[in-house]
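Residues 1277 to 1415, numbered by our numbering, are exactly what the first sequence covers, in order.
For the record, the hints were derived by calculation from the structure and aren't laboratory data. Keep in mind that this is a model prediction, so the values were computed, not measured. Note that CB positions come from ideal geometry on N, CA and C, so glycine has one too. Watch out, some of these pointers could steer you wrong.
Just the calculated beta-carbon pair ranges, DEER-fashion [stated by the list, open to error]:
#1 D1354 - K1414: 41 to 51 Å
#2 D1354 - P1381: 38 to 48 Å
#3 D1353 - N1314: 19 to 29 Å
#4 Q1375 - S1300: 33 to 43 Å
#5 S1350 - P1381: 23 to 33 Å
#6 D1353 - G1412: 27 to 37 Å
#7 P1381 - S1300: 25 to 35 Å
#8 I1332 - L1394: 32 to 42 Å
#9 Q1375 - L1345: 30 to 40 Å
#10 T1351 - K1414: 30 to 40 Å
Quick list of in silico lysine-lysine cross-link-like pairs, DSSO-like style, CA-CA up to 27 Å [to be verified]:
#11 K1414 - K1297
#12 K1334 - K1297
#13 K1334 - K1367
#14 K1378 - K1414
#15 K1414 - K1334
#16 K1378 - K1334
#17 K1367 - K1378
#18 K1378 - K1297
#19 K1367 - K1414
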Amino acid sequence: MAHWLMKSEPDVFGWDDLVAKGASGEEWDGVRNYQARNNMRAMAIGDQAFFYHSNIGKEIVGIAEICALAHPDSTTDDPRWECVDIRAVEKLPRPVGLQDCKDEPRLADMVLVNNMRLSVQPVTDAEWAVICELGGLKG
DNA sequence: GCCAACGTTGGC
DNA sequence: GCCAACGTTGGC
């Protein structure tokens, strides 16, 4: 199973908002970046993604799961843009901050650290395990 | 609120 | 196809 990381500004749409959507989840619309879109196209049902709060908090707060494959973004008529649906799975016992990632040598190559601006990123299995550990999950 | 980094757009 | 201008993102 592949792993991902998705960013959101919590004052626009945060972890609590995703939890409130329940099992049906939420359309991850509004992405206008080819790399991010390509990542979403590569997602499979059941893939898991870290949910990252940008700007406010700057930390990974929980784990979400892909519950719908990439489909046209309903917020635009532009056929280039697609999005997946995600739903909340589990909150991290301890949020993992951006600084925590920068301070962790095993995460030195993480996209979050090196290409800060990409809003939908792949996460390697090794990085996933490290962050689960830092976040207080068994993995 | 500022500004640096990055991606996209559009003129040539 | 290049590159300058512009817009957006996101940390600080």
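Hint by hint, here is what the structure shows:
For the pair D1354 and K1414, the beta carbons lie near 42 Å from each other, so the given range of 41 to 51 Å is met. Checking the proposed 38 to 48 Å range against D1354 and P1381 shows it holds: the Cβ atoms sit about 41 Å from each other. The supplied range of 19 to 29 Å is met by D1353 and N1314, whose beta-carbon atoms lie about 20 Å from each other. For the pair Q1375 and S1300, the beta carbons lie near 34 Å from each other, so the given range of 33 to 43 Å is met.
The beta-carbon spacing between S1350 and P1381, approximately 42 Å, falls outside the hinted interval of 23 to 33 Å. As the Cβ distance of D1353 to G1412 is approximately 43 Å, the hint placing it in 27 to 37 Å is violated. For P1381 paired with S1300, a C-beta distance near 40 Å fails the hint of 25 to 35 Å. Between I1332 and L1394 the beta carbon distance is about 19 Å. The supplied range of 32 to 42 Å is therefore violated.
The hint said 30 to 40 Å for the Cβ distance between Q1375 and L1345, and at roughly 34 Å that hint holds. Judged by the Cβ atoms, the range 30 to 40 Å given for T1351 and K1414 holds: they are separated by roughly 37 Å. For the suggested pair K1414 and K1297, the alpha carbons sit about 26 Å apart, so the restraint of at most 27 Å is met. A hinted pair counts as satisfied when its Cα atoms are at most 27 Å apart, and K1334 with K1297 qualifies at roughly 22 Å.
At most 27 Å may separate the alpha-carbon atoms for a hinted pair to count; K1334 and K1367 meet this at roughly 15 Å. A C-alpha spacing of about 21 Å is found between K1378 and K1414, which places the hinted pair at or below 27 Å, so the restraint holds. Between K1414 and K1334 the CA atoms are separated by roughly 22 Å; this keeps the pair inside 27 Å, and the hint holds. With a C-alpha separation of about 12 Å, the suggested pair K1378 and K1334 falls inside the 27 Å cut-off, and the hint holds.
Our distance criterion of 27 Å between C-alpha atoms is met by K1367 and K1378, whose separation comes to about 21 Å. Proposed proximity of K1378 and K1297 is contradicted: the alpha carbons are some 31 Å apart, above 27 Å. A hinted pair counts as satisfied when its Cα atoms are at most 27 Å apart, and K1367 with K1414 qualifies at roughly 13 Å.
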